[in-house]
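Start from the sequences, fold in the hints, and give me the full structure.
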Amino acid sequence: MANTKIHADQKYIEALLRNDPLVLTEMYKKFAPKVIGYIKKNSGDESVAQDIIQEVLITIYKQAKEKGLQLTCPFDAYFFLLCKRRWLNELKKNTDTLVTINEEIVSISDESIHFVEETEIFNAKHKLYSEMFDELGKACKELLKASFTIKSMEEVASKLGQSYGYVRKKKSLCIGKLTQLIQSSPKFNQIKKLL
Amino acid sequence: MTQEEKYELFDRYCSKELSSAQEEILIKMVKEDDALAKEFALYQELNSHLEARFVSEQEKETLENNLKEIGNSYFTKKRISKETKVIKIPVWAYGAVASIVLIFGVYFFNQSDPVYSDYANVPELSISERGSTEEDGKKAEHAFNSEDYVKAEEYLLVLLSKDKENTAYQFYYGISLLEQGKYSRATQAFEGIYKNNSSYKYKALWFEALNQLKQKKYDQCVVLLKGIPKDAEDYNQAQKLIHKLK
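Protein sequence lines correspond, in order, to chains A and B.
Under this note's numbering, the first residue of the first sequence carries the number 1, and numbering increases by one thereafter.
Under this note's numbering, the first residue of the second sequence carries the number 196, and numbering increases by one thereafter.
Derived from the structure by calculation, the hints contain no laboratory data.
Using C-beta positions, here's what the derived DEER-type ranges look like:
id, chain 1, residue 1, chain 2, residue 2, range
1, B, ALA315, A, GLU118, 43 to 53 Å
2, A, LYS159, B, GLU199, 18 to 28 Å
3, A, PRO186, B, THR271, 41 to 51 Å
It should be emphasised that the depicted structure is a prediction, and the values quoted were computed from it without experimental measurement.
Glycine included, each C-beta is placed from N, C-alpha and C at the ideal position.
Listed below in structure tokens is the structure:
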């Protein structure tokens, strides 16, 4: 991308990472009204808007935490578009609902769209990874959770009452199994097409 | 290479345990085999995904709860202000309404909103350090403890210019600003403390909540108060204030 300068609105991403109550409150005041207005015009209500806003903020947080998201565009359009698309996806599940698409609410730059798409791909992958993780056997789930929470594999081994060699091997096999489950999922191929 | 060997190799790569020779062999294998390359890339991504997921799970939950509260308070407030706007009283009812307001006003006179002075228990400043800061320290101490916050601000600023990382100076500087009604600068001072770890962390959070209370920003006050943990000195006071503000 041409523009690599971090936008001043990166402060909102930082606020999510820091869980800063004052800035988060400011974010609701500043960015929620537009989202609420759009959702209400399109068959939704305020409680739906509240859920959508919360979900999108959590997705942004996860992307920032895992991938070090750095905004080079304003937060406003990026956030609005993410909320809007998420609501349209919800509506699509119920095809009888009439959808009014109003693109004029904010001016959206290519750069904002690029960020929105990256976040959406991140979110789709994240959902798939979680779904497939749930498909793993109980032993794998427990071992992976312990391995990434406890860090020291010696401690993991003693906690699970196994040998160090066994837990190391099992950990790699469990991630391997997860890799295979994801690769063979049709959803994974759909996400890959978006990349 | 068996499946087991392959995943063990991937795992040792992710844990940075391969020798440079072993790493070179793996990179060469990956370059020559497209399917292996894809699997290797996904394995690495899953490794970092799982790490982020489990390490920050609790942090994510705290954020979720906080957003839920902020969202609830934002949406409730919005609804209340909207409902207030649509209430229209016919002219003939003004007299009746005025009487009711008067009665309620008298009845609830003692149940008014909590105020800053009810809760602010300003601690004494005691600077016992020796050295070049001794003179300024004494002046700051004297001004602060005799409630001359204009002078206290001045002297504490001098102390901070020599030792800007000193959280005690920052804390008392924040109180001096707050007592003078310099709210946003007080916020800056307290924020600088409670966002980091020090013995003043929750004292600063408590006073920042009182700063919001003084400005009648009750929602923000409550959000901050909820961040004060059970083992903090001001926890009980914070809970009382939350209860009053509900």
